[in-house]
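Whenever a hint applies, use it, and build me the whole structure from the sequences.
Residue numbers (the numbering used here), protein chains in the order written: chain A, 1 to 257; chain B, 1 to 421; chain C, 1 to 296.
Simulated from the structure, these hints should not be mistaken for laboratory data. Keep in mind that a hint or two might mislead.
Below, in silico cross-link-like pairs of lysine to any residue (SDA-like), each with a Cα-Cα straight-line distance of 25 Å or less [as the list claims (entries may be wrong)]: (1) B:Lys205 x C:Pro106; (2) B:Lys299 x A:Asp32; (3) C:Lys120 x A:Arg150; (4) B:Lys411 x C:Val86; (5) C:Lys120 x A:Asn53; (6) B:Lys323 x B:Glu63; (7) C:Lys120 x A:Leu8; (8) B:Lys96 x A:Leu64; (9) B:Lys255 x C:Ala17; (10) C:Lys120 x A:Thr183; (11) C:Lys120 x A:Gly92; (12) B:Lys411 x B:Glu107; (13) B:Lys96 x A:Arg57; (14) B:Lys80 x A:Asn53; (15) B:Lys255 x C:Ser249; (16) C:Lys120 x A:Tyr18; (17) B:Lys80 x A:Phe42; (18) B:Lys299 x B:Ser266; (19) C:Lys120 x A:Arg57.
Examples of chain C residues toward chain B, derived with CB under 10 Å [claimed, not checked]: (20) Asn149; (21) Asp153; (22) Leu156; (23) Gln250; (24) Asn265; (25) Phe268.
Taking beta-carbon pairs under 7 Å as the criterion, some of the chain A residues facing chain C (in silico) [what the hints assert, rightly or not]: (26) Leu23; (27) Ala81; (28) Ile221; (29) Val245.
Nothing here was measured: the structure is a model prediction, and the numbers come from that model. A virtual CB, placed ideally from N, CA and C, is assigned to each residue, including glycine.
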Amino acid sequence: MAGRGLRLATIAILAFLYVPIGLIVLYAFNADRIQTWPIRHFSTTWFSAALDNPGVREAFGLSLQVGLAATLIALVLGSLAAFAVHRFAFFGRDLVSFMVVLPIALPGIVTGMALNATINASGIGFSTFTIVLGHATFCIVVVYNNVVARLRRTSRSIEEASMDLGADTFQTFRYITFPVIRTAILAGALLAFALSFDEIIVTTFTAGVQETIPIWIFNHIRLPNQQPIVNVVAVVLILLSAVPVYLAQRLTSEPAG
Amino acid sequence: MHYRSLIATTAAVGLLVAACSNAGTAGTPASAPPASTAPGGSASASAAPTSNLPTSIGKGEGELNIIVWPGYAEDGSNVKEYDWVHPFEAANPDCKVNVKPANTSDEMVTLMRQGGGTVYDGVSASGDATNRLIANGDVAEINPALIPDWQDIAPFLQSPAHNTVNGKHYGVSHGWGGNSLMYRTDLVKPAPTSWNVVFDPTASKPYQGKITAYDSPIYIADAALYLMAHQPDLAITDPYELTQPQFDAAVAVLKAQRPWVAKYWSLYTDEITNFTNGATVVGTTWPYQVNTLKAAGVKADAVVPSEGMTGWADSWMMSARAKHPNCMYKWMGWMVTPQVQAQVAEYFGEAPANPKACAILDKTYGSYGVKDFCTLYHVNDTSFYGAIKFWKTPLQDCGDARGQTCVDYSKWSQAWTEIKG
Amino acid sequence: MTTVHEGDPGRRRRLLAALYRHRSTQLLLLLSPPVGWFGVVYLGSLTVLLVSAFWYLNPATSAVVREFSLTNFQQLLSSTADRTIVLRTVTVAVAVTVADIVLAFPIAMCMARVASPRTKSILFMLVLLPLWSNYLVRVFAWKLLLSQNGPLDALLSTIGLHSPGFSDFSTWLVFTYLWLPYMILPIHAGLERIPRSVLEASADLGARSGMTFRRVVLPLVVPALAAGSIFTFSLTLGDYITPSLVSNSQFLGNVIYDSQGVANNVPFAAAFAIVPIGIMGIYLLLARRVGAFEAL
Numbered sequence: 001m002a003g004r005g006l007r008l009a010t011i012a013i014l015a016f017l018y019v020p021i022g023l024i025v026l027y028a029f030n031a032d033r034i035q036t037w038p039i040r041h042f043s044t045t046w047f048s049a050a051l052d053n054p055g056v057r058e059a060f061g062l063s064l065q066v067g068l069a070a071t072l073i074a075l076v077l078g079s080l081a082a083f084a085v086h087r088f089a090f091f092g093r094d095l096v097s098f099m100v101v102l103p104i105a106l107p108g109i110v111t112g113m114a115l116n117a118t119i120n121a122s123g124i125g126f127s128t129f130t131i132v133l134g135h136a137t138f139c140i141v142v143v144y145n146n147v148v149a150r151l152r153r154t155s156r157s158i159e160e161a162s163m164d165l166g167a168d169t170f171q172t173f174r175y176i177t178f179p180v181i182r183t184a185i186l187a188g189a190l191l192a193f194a195l196s197f198d199e200i201i202v203t204t205f206t207a208g209v210q211e212t213i214p215i216w217i218f219n220h221i222r223l224p225n226q227q228p229i230v231n232v233v234a235v236v237l238i239l240l241s242a243v244p245v246y247l248a249q250r251l252t253s254e255p256a257g
Numbered sequence: 001m002h003y004r005s006l007i008a009t010t011a012a013v014g015l016l017v018a019a020c021s022n023a024g025t026a027g028t029p030a031s032a033p034p035a036s037t038a039p040g041g042s043a044s045a046s047a048a049p050t051s052n053l054p055t056s057i058g059k060g061e062g063e064l065n066i067i068v069w070p071g072y073a074e075d076g077s078n079v080k081e082y083d084w085v086h087p088f089e090a091a092n093p094d095c096k097v098n099v100k101p102a103n104t105s106d107e108m109v110t111l112m113r114q115g116g117g118t119v120y121d122g123v124s125a126s127g128d129a130t131n132r133l134i135a136n137g138d139v140a141e142i143n144p145a146l147i148p149d150w151q152d153i154a155p156f157l158q159s160p161a162h163n164t165v166n167g168k169h170y171g172v173s174h175g176w177g178g179n180s181l182m183y184r185t186d187l188v189k190p191a192p193t194s195w196n197v198v199f200d201p202t203a204s205k206p207y208q209g210k211i212t213a214y215d216s217p218i219y220i221a222d223a224a225l226y227l228m229a230h231q232p233d234l235a236i237t238d239p240y241e242l243t244q245p246q247f248d249a250a251v252a253v254l255k256a257q258r259p260w261v262a263k264y265w266s267l268y269t270d271e272i273t274n275f276t277n278g279a280t281v282v283g284t285t286w287p288y289q290v291n292t293l294k295a296a297g298v299k300a301d302a303v304v305p306s307e308g309m310t311g312w313a314d315s316w317m318m319s320a321r322a323k324h325p326n327c328m329y330k331w332m333g334w335m336v337t338p339q340v341q342a343q344v345a346e347y348f349g350e351a352p353a354n355p356k357a358c359a360i361l362d363k364t365y366g367s368y369g370v371k372d373f374c375t376l377y378h379v380n381d382t383s384f385y386g387a388i389k390f391w392k393t394p395l396q397d398c399g400d401a402r403g404q405t406c407v408d409y410s411k412w413s414q415a416w417t418e419i420k421g
Numbered sequence: 001m002t003t004v005h006e007g008d009p010g011r012r013r014r015l016l017a018a019l020y021r022h023r024s025t026q027l028l029l030l031l032s033p034p035v036g037w038f039g040v041v042y043l044g045s046l047t048v049l050l051v052s053a054f055w056y057l058n059p060a061t062s063a064v065v066r067e068f069s070l071t072n073f074q075q076l077l078s079s080t081a082d083r084t085i086v087l088r089t090v091t092v093a094v095a096v097t098v099a100d101i102v103l104a105f106p107i108a109m110c111m112a113r114v115a116s117p118r119t120k121s122i123l124f125m126l127v128l129l130p131l132w133s134n135y136l137v138r139v140f141a142w143k144l145l146l147s148q149n150g151p152l153d154a155l156l157s158t159i160g161l162h163s164p165g166f167s168d169f170s171t172w173l174v175f176t177y178l179w180l181p182y183m184i185l186p187i188h189a190g191l192e193r194i195p196r197s198v199l200e201a202s203a204d205l206g207a208r209s210g211m212t213f214r215r216v217v218l219p220l221v222v223p224a225l226a227a228g229s230i231f232t233f234s235l236t237l238g239d240y241i242t243p244s245l246v247s248n249s250q251f252l253g254n255v256i257y258d259s260q261g262v263a264n265n266v267p268f269a270a271a272f273a274i275v276p277i278g279i280m281g282i283y284l285l286l287a288r289r290v291g292a293f294e295a296l
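Now the structure itself:
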């Protein structure tokens, strides 16, 4: 009974989520430049136009670069913080959890403006480096949370047993600890990458002339003649990400029990 | 994964990122007090010493980063025939053009000051941005001798007050136009002839809830212009130099207008879409939107109302700390050549600064084929040009007998927030 | 079987063993990179911003005057429009949070309790996929949906209504849509954490599903709700893009953005930014009480 109602509700909510997406896909085939309803002529010219567009390809490449770099930094720093907070009781432990959440809890415009003011003041040029700086900062918390949650569920006795049997810290980490937190790290990395890939507000404040995909879209969606190409780019993004997201979810899902 | 290899990978990625970046110093940012505008800001009018003026243009530095009004740096991706970026890059292979579009003059000022003025090399600034940039030392003095078509620029645009201060040139005039009144010819009858259709409670009645207005504090000047004609007892002489009572009256007009406005526009797409689907039927516009709507078959047209109109005169300016000054000079020279002026003028719908473009424009050109362009756009008409109230930065200094009693731009911005609510 | 590495293993093992004993050194090594990063990059930048809130703009040149002054705060407090804007933003943020919780619950319950593992993976993918289709494009899709004579308008006019068009209602609708996946994920995680035995015990004691839900599930899932609400609240509080696209009114983010971008008045923007920082700070403290940080 409840199951059926639940299923209906789920389908309705999924429909809510996907009607705008469906519209985007539809309008990727709109022959007119101006986006109005209903569509009068259909065309596939925008797909080739988007593929030929060097700006899109460069933006895509930059987004990938930034995402990978930010995710890696977040992985390292987030895991380190997670281990510190989980394993040790120290003065200011709660403060660390609080601090790590701040970049994602405070509105992006605040983070963006703060970084912008500092970058302006310090004389470092706005570049890919500054974009990564901003992204890594708010990506740390997603890795941190995932790893901490997993660590809470593991018992320390296995590690202690490993050490009793003669393994040193590195070996214990490599053979015992890491396999346990591996999927948590993967889940955190995926979410971090997704956050970085779609981020627009902080990026606007930390980029110079560089264009990540969101910035490219931001610059082009204002131009009436470029809207169809932007729709095409969005459709391609969805298609490209469907399989990795599904696979990642399968890989990181908790085993039952 | 081995712990060591994790560290190694991170280090490698860090090196990769650093190598890919153009950062001068890869150190952590110092916690020095911020300079959110270019250093050395002073109120003096001329900032660049003449001895620094270059006498020749050297080799291009590799790339050019410019801030532009959308439509000023076309590369054919919007409409195939309108492309003046690729020919420029073909003629100057050492100047690859990177374009940053901006929606308002204020955005342009902020972007120009980014990184102490080193991120962008130049900007297509309107008169309300130019004087601020000059006063703050953000833009460099230009040597007209290095611009080949300088003498062909219309005489009244060679040294206009908005880009020439104390005889020093800080910009190259690009073009100008007015903020006319656009309306749906099938939905607004009879055709409007006055701004009262958007400002007056009675005249606007049929269209209340479907009006549009420009989303920038500078729009207060449009209300002041309207009051110049309709409330002469306020004695407004210049819509940008308003004493407090005059300013308050203009703000009152806009606050009254607020409930009638369906959407304030700053994106061209907004105004174009809204006029196409009928969400807005009358309001201020730029020629670009009129051209686009007409080309798409929408029944829209624009008029110059009886009270006159505000407008914009744009100049190309170079950052005082530009990283690629040679490329910027080349670009500025390129933008005032007749063939490029003709393309921009027709695509955007503005009067070109170089009247030699008229010969090219008066033949059908591209997909917007307009005949008699120069008569239509009053390219050589100094009295028409003189009648437009071009954007300029409202300053405390009224510039006349009233002294320092005028309302400055920061108050305009605050008032704009209050108006929009 | 662990293997012992060749090549002077003795020194390395002794070093690691010493490290193992000196826990404070371990802690230092673990903590210094992330804390160092945060201290310099994030907290340092925030301080720089907040310090500039006490500076002001010279009206003549639009240049920042680095002298201590409270003009920005005076301006903030005296402005009725700013107060209205803050109230409007907070109201919409609360409305968005509530709407997202209501919408997220059914699908999260389905994913956590009802669906088979394979269905769950598919549902997960379906929930996450919109996040990959780019925020701006989704907002523009909504612009189209809500436009005059657009799809929604056409649909609603059959029953005599009209699309909300450019309004705060539209903003609420779009925000609810945009942040929904961010609410579904923590609630799903929270529901998964409830052991099956607890629900079964409740049923054994005679509670029907409604009562089980109210008395057992809901209290257990509150931390997850709080965690998700941190996202929806903070994202709504600072967003300036969506209100400028689908409404005609200003939100908190718009004022901050326009101050620094339009008027180049970074000091005022910084002063105004203290408002959302303050609101989120209080919200975070309350959320932490409820245990949200464990449920993120």
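Numbers of unmet hints, in rising order: Failing hints, ascending: 1, 5, 9, 11, 19 and 22.
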